[in-house]
Amino acid sequence: MGGSNMTIHLKIWRQEGPEAEGRFETYTLDQVNEHMSFLEMLDVLNEQLVTEGKLPVEFDYDCREGICGSCNMVINGKAHGPKRLTAVCQLHMRNYSDGDTIVIEPARAAAFPVIRDLVVDRSAFDRIIEAGGYVSVKTGSAPEANTLPVDQFNANKAFDYATCIGCGACVAACPNSSASLFTGAKIAHLNKLPQGQPERKNRVLAMVEQMEKEGFGDCSNFAECEAVCPVGISISAIAEMRRDYMKAMFDDN
Amino acid sequence: MPSLVEAATSQVGRKLLTGITGLLLLFFLFFHLAGNLTIFGGEHAMNIYSMTLHDLGWPLWIARIGLALVFIIHAWVGISIWWRRRKARPENYHVYSSKGEPSRQSLSSRSMAITGIILLIFLVFHINTFALGDTGTVLIDGREVSDLKTLVIETFQNPLYAFGYAIIMLLLAAHLGHGIWSSFVSLTMKSRKCSDLMYTIGATVAILLALGFLFIPLYIYFTGGCGAMIAGSQCV
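Protein sequences appear in the order of chains V and U. If you count the first sequence from 1, position 90 lands on 90 in the working numbering, and the numbers rise without skipping. If you count the second sequence from 1, position 131 lands on 131 in the working numbering, and the numbers rise without skipping.
This list has only true hints and no planted wrong ones.
Capping the alpha-carbon separation at 16 Å, the derived lysine to aspartate or glutamate pairs in EDC-like fashion look like this:
(1) V:83 x U:101
(2) V:11 x V:25
(3) V:54 x V:25
(4) V:247 x V:199
(5) V:54 x V:43
(6) U:190 x V:160
(7) V:201 x V:130
(8) U:87 x V:212
(9) V:213 x U:6
(10) V:213 x V:130
(11) V:11 x V:30
(12) V:213 x V:126
The set of hints was computed from the structure by calculation and includes no laboratory data. Bear in mind that the values here come from a model prediction, so they are computed numbers and not experimental data.
Next comes chain U alone, as it looks inside the complex:
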């Protein structure tokens, strides 16, 4: 009988871990997108959202540490699978092609490791830009809170950021296009009908999520930060 650690790091365990952490990260993305969309809320909606989160105190730290762990496990298992794959076939085929349906080989599934690694690198820059970014302050109900909204609007005036983010979000769509369905398969979804339905749902959710994320930087860039959808913003 293997120990729990041995089981978790076995080929079956690794796949279950990727699936579970993948789904948790998907939930996080929904939450993150909802937070992002507060930029289209009232004048102070985004800053109130950010303030409310920060006011949580220690539960926020637990969530942050938990999220970091989930990211690390997902990335570590993913990279280890990719690493083993190189060892498992030292000499590649000179000619290789998929046999098609019911295969799920696609640009999306074949590039999971690459899109994953780019997203991981992006994450570091992303945290540095916004979570650790230098915000000014703004007065809300007599209280001085950090002005995340202005930082976001200013950042995406830079075409490098606006289009860079948009492209990364397309990679996110590619990663999730296979990833959402694959999570369910890893967590032992068996029936063919469920699988086919889930593939469509997964790909649709992946595209919608990515569109939601990439709309914000592009909107801010093309409207110069003073579009009608953003209440109370001054053109910078």
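Next comes chain V alone, as it looks inside the complex:
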């Protein structure tokens, strides 16, 4: 591997369990290649820790190609690190300079309890989805594709909202720890499509209720969520959610 190597100082949140008291530990890596991804840099750290007989830093990851949403962590105070439209796994060390100190913390929210180190329990999102983020379809052979026309405009909109990977960066970055962007995107995605119409009303009411039950905060229109979203979902998703909520309350159909 070509490219230059640098020394990186790390200050990482270590917490042994959900109830344990957490603290920062500092580490120094001497041979960080600029072409490494952020997670590869953490892999190098963990190899070093294991060699020293210490416990590795736990962090979530799966695909490492920016589509699974597992790797959300807060780097120098920013969810997914410094680059816009980039998940941590797609962030490269060339964005840092020799001698930099990087502070890494887990996403912090009452609804996202820390499991260990940088790993948080995001099952609150699953419960919001269970409340209404689905469509009921008849099983059996696939329907004829053209029996359900979707106009281009709504298809595009629905797709924009469907790109949400549920990473939780919106919650992590929101000063209020609100899950409005996630919930809004999931509602708008299905409510824009014909398949989502039968459950449209219940979907928005139930998902909004569940979001609150999970202990997420209110939206204050900071729009920080849009800035950190690795797939660039706009806060218009939240406006869609508010509109759908009003429609569900006041529209009899």
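Given the coordinates of chain V, assemble chain U onto it according to the supplied hints.
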């Protein structure tokens, strides 16, 4: 299906309420500023304005009660949002920073709760000073009416009041700088272009409103209440 009360107090409902009440309060501020500026009108303009308002009778009371309700809802929802936010993140980040554009995090947006609470406390003092203040009377067309104008001019001779009001008005500008735009977003403004335009308009209106309000106490203070712009005032 939630009841109307449950819907209004849901996370979506709370935001809609803040937006609606916020805009109503903004309309009230325009009206209030227009009333204040009557001090630069004719000799009796301000007292005639105040007399006309008081002569309205019961509609004035309906407006007052309505306005009080709007204030209470806006403050209550705002404070409850702030309260929930503390519970939603029991342990804060040790390092936190905004990722910048398109984020709307700013001193203005981050201090909404603080500026809001200061404005609420100010409101109590403000009503006590002027609405419930001890005015003398003045004869207008043979009728004895309360002399609000003199009370205003006398009050702002005191530097504590003049500069205190001016500073509070800067906080109002900060509150509205995020608040006006945020009201429209809460009331489901979606388009990016509208949003960007509205942000500029909102911030401009916030600054102009605040300047309008704070000009009066400062003008009165620095001219000793007998500036050329105030007709018929005697220097106190």
